[in-house]
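Protein chains: 2
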Amino acid sequence: MVEIVEVSPRDGLQNEDRTLSTEDKLELVERAARTGVRRVEVTSFVRPDRVPQLADAAEVAKALPDNGIGYSALVLNVRGYQRAVEAGIREVTTLVLASDTFSERNQGTTTREAVEVVREIRRRGREDGVRVAITIGASFGCPFEGEVPESRFAGVAAAVADVDADEVSLADTIGVAVPSDIETRFGLLRECAPGVPMRVHLHDTRNTGVANAVAAVRSGVQALDASLGGIGGCPFAPGASGNVATEDLVYTLHRMGFDTGLDLGAAIEHARWVTGKLGVPLSGRLGRVGGFPT
Amino acid sequence: MVEIVEVSPRDGLQNEDRTLSTEDKLELVERAARTGVRRVEVTSFVRPDRVPQLADAAEVAKALPDNGIGYSALVLNVRGYQRAVEAGIREVTTLVLASDTFSERNQGTTTREAVEVVREIRRRGREDGVRVAITIGASFGCPFEGEVPESRFAGVAAAVADVDADEVSLADTIGVAVPSDIETRFGLLRECAPGVPMRVHLHDTRNTGVANAVAAVRSGVQALDASLGGIGGCPFAPGASGNVATEDLVYTLHRMGFDTGLDLGAAIEHARWVTGKLGVPLSGRLGRVGGFPT
Numbered sequence: 001m002v003e004i005v006e007v008s009p010r011d012g013l014q015n016e017d018r019t020l021s022t023e024d025k026l027e028l029v030e031r032a033a034r035t036g037v038r039r040v041e042v043t044s045f046v047r048p049d050r051v052p053q054l055a056d057a058a059e060v061a062k063a064l065p066d067n068g069i070g071y072s073a074l075v076l077n078v079r080g081y082q083r084a085v086e087a088g089i090r091e092v093t094t095l096v097l098a099s100d101t102f103s104e105r106n107q108g109t110t111t112r113e114a115v116e117v118v119r120e121i122r123r124r125g126r127e128d129g130v131r132v133a134i135t136i137g138a139s140f141g142c143p144f145e146g147e148v149p150e151s152r153f154a155g156v157a158a159a160v161a162d163v164d165a166d167e168v169s170l171a172d173t174i175g176v177a178v179p180s181d182i183e184t185r186f187g188l189l190r191e192c193a194p195g196v197p198m199r200v201h202l203h204d205t206r207n208t209g210v211a212n213a214v215a216a217v218r219s220g221v222q223a224l225d226a227s228l229g230g231i232g233g234c235p236f237a238p239g240a241s242g243n244v245a246t247e248d249l250v251y252t253l254h255r256m257g258f259d260t261g262l263d264l265g266a267a268i269e270h271a272r273w274v275t276g277k278l279g280v281p282l283s284g285r286l287g288r289v290g291g292f293p294t
Numbered sequence: 001m002v003e004i005v006e007v008s009p010r011d012g013l014q015n016e017d018r019t020l021s022t023e024d025k026l027e028l029v030e031r032a033a034r035t036g037v038r039r040v041e042v043t044s045f046v047r048p049d050r051v052p053q054l055a056d057a058a059e060v061a062k063a064l065p066d067n068g069i070g071y072s073a074l075v076l077n078v079r080g081y082q083r084a085v086e087a088g089i090r091e092v093t094t095l096v097l098a099s100d101t102f103s104e105r106n107q108g109t110t111t112r113e114a115v116e117v118v119r120e121i122r123r124r125g126r127e128d129g130v131r132v133a134i135t136i137g138a139s140f141g142c143p144f145e146g147e148v149p150e151s152r153f154a155g156v157a158a159a160v161a162d163v164d165a166d167e168v169s170l171a172d173t174i175g176v177a178v179p180s181d182i183e184t185r186f187g188l189l190r191e192c193a194p195g196v197p198m199r200v201h202l203h204d205t206r207n208t209g210v211a212n213a214v215a216a217v218r219s220g221v222q223a224l225d226a227s228l229g230g231i232g233g234c235p236f237a238p239g240a241s242g243n244v245a246t247e248d249l250v251y252t253l254h255r256m257g258f259d260t261g262l263d264l265g266a267a268i269e270h271a272r273w274v275t276g277k278l279g280v281p282l283s284g285r286l287g288r289v290g291g292f293p294t
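Respectively, the protein sequence lines represent chains W and Y. All residue numbers for the first sequence refer to full-length UniProt numbering, where the first residue is 1 and numbers rise by one. All residue numbers for the second sequence refer to full-length UniProt numbering, where the first residue is 1 and numbers rise by one.
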């Protein structure tokens, strides 16, 4: 079993020109649930002036149906964590960017300071019974510094491991990783944090998303973020496409014999719906050509 | 060293609405050479009423510059072989389709009959000093029959191995393969034909092209077909995209530490040129976003 975490309501929507209504966002979450997914990243509790597309985070969170789906939300600091918990969120994804320049620009802290913020959120999470995942962003390359050397990554991974979170994710934020990077860096993560559940967050910017997903699953990664239709993108990487498309991952993983619990036909249907709502083309390929055999 | 065989002048052009002039085709071959590629599949000697885009095969072949590049051409029968050799071609790619239905529709023979045609071409090739490669088309799935069972594939691979060609290629003609398929079927091929140089021909229809290329290289495949810009498509698979893009393979393979001899910047430049000439969007991703680090 390989888990797909549907992140279209968060990462998918935060960089699109068109902002969906709260009602449409809730419909997207419900449609995601109908694909068979068990966890959805529903929004981000960040500054509304920075990410106006998700300014209704609390309204979305408060209106989520109680249907057995795990809902997570991205938070970047303690203030965001508090807002999320007040809105009923029981799982947060936190972010440590692997390069100082990117970290300073994205959240106004160095990487090391971000680790301390995450440690405080983890402490509160234990008190509140809130699950805390940590994403190491730009694990494979930085839009400002370029290469993130293996030694740098290893230091960040060790610091993150020390926080002892419920899950650690490596994010290819700007879509530069290749399979050998995935294998090496998850290997380093496993050395730093033996036994921690590992997750990966991939962008298909350079057509390596599916190859990296396969490498991740074969490296013992248990959960893969994906977006219906491959929507989204990175504001720091012009021309970048979004997350690897849910439907493309489902096709590949199922034909390789991995179960995801998702239904390919449903994923394609809802990928078409969300790209239609956003007025963007399907970035994933399965929605254009359909599965095989038909 | 992993060899990339540039097939855009053949597979890339044969399914596009717009037909390039002979002059533009020759420019495409020259531009391909400037990427650093050592082998180009320049045209196909097939019936001009079936593939009007390549009706000028002989004119193209006769005008090829003598610059150290290896030129190959696709032929489907002895008549095509003769035309190719008369036009100066010294390497042919022949085709055995793994399913009878597809073979009958594409070239009017059963799979078994196609093997005999290829055997005769091989015999003549030895006499003429012409290199003969065999492609097993639809190795991973057929547009008419659906799944190509492993047992069926193994039988075809054994028959093809018996012809003792200079190279055997497995083609994912309709773009349905996943990495485990690549590993299994090249494993079977290697058992049938130990030591034969192996080549793969991938379409990126379902976003598995790069993942399959990585699996192929790791399975001992020495040559990968690719098209600048990812141009092309399969007339039997509506909505299908073309070959895996040369520039996308170059990016991934180089970052994984494999040398191809190609220059990524040049591949992107010429991918833009050919898609511009054809009036189609870039199917590959690197031409939109550029390499990394920049």
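Bear in mind the hints are in silico, worked out from the structure with no lab data behind them. No experiment lies behind these values; they were computed from the predicted model shown. Please note: incorrect hints may appear among the correct ones.
[Stated by the list, open to error] Which residues of chain Y face chain W? A partial, calculated answer using Cβ under 7 Å:
{"id": "1", "residue": "T101"}
{"id": "2", "residue": "V117"}
{"id": "3", "residue": "V176"}
{"id": "4", "residue": "T208"}
{"id": "5", "residue": "T252"}
{"id": "6", "residue": "D259"}
{"id": "7", "residue": "F292"}
[What the hints assert, rightly or not] Now the stretches of chain W that chain Y is said to cover, found in silico as 3 or more residues with beta-carbon under 8 Å:
{"id": "8", "stretch": "59-73"}
{"id": "9", "stretch": "167-181"}
{"id": "10", "stretch": "244-258"}
[Stated by the list, open to error] Simulated DEER-style distance windows between Cβ atoms:
{"id": "11", "chain 1": "Y", "residue 1": "G129", "chain 2": "W", "residue 2": "G220", "range": "35 to 41 Å"}
{"id": "12", "chain 1": "Y", "residue 1": "P293", "chain 2": "W", "residue 2": "R131", "range": "34 to 40 Å"}
{"id": "13", "chain 1": "Y", "residue 1": "G261", "chain 2": "W", "residue 2": "G257", "range": "54 to 60 Å"}
We treat Cβ as the ideally placed atom computed from N, Cα and C, and that holds for glycine.
Exercise for the section: Return the numbers of the hints above that this structure violates; sort them in rising order. Expected result: Violated hints (numbers, rising): 1, 2, 6, 8, 11 and 13; every other hint is consistent with the structure.
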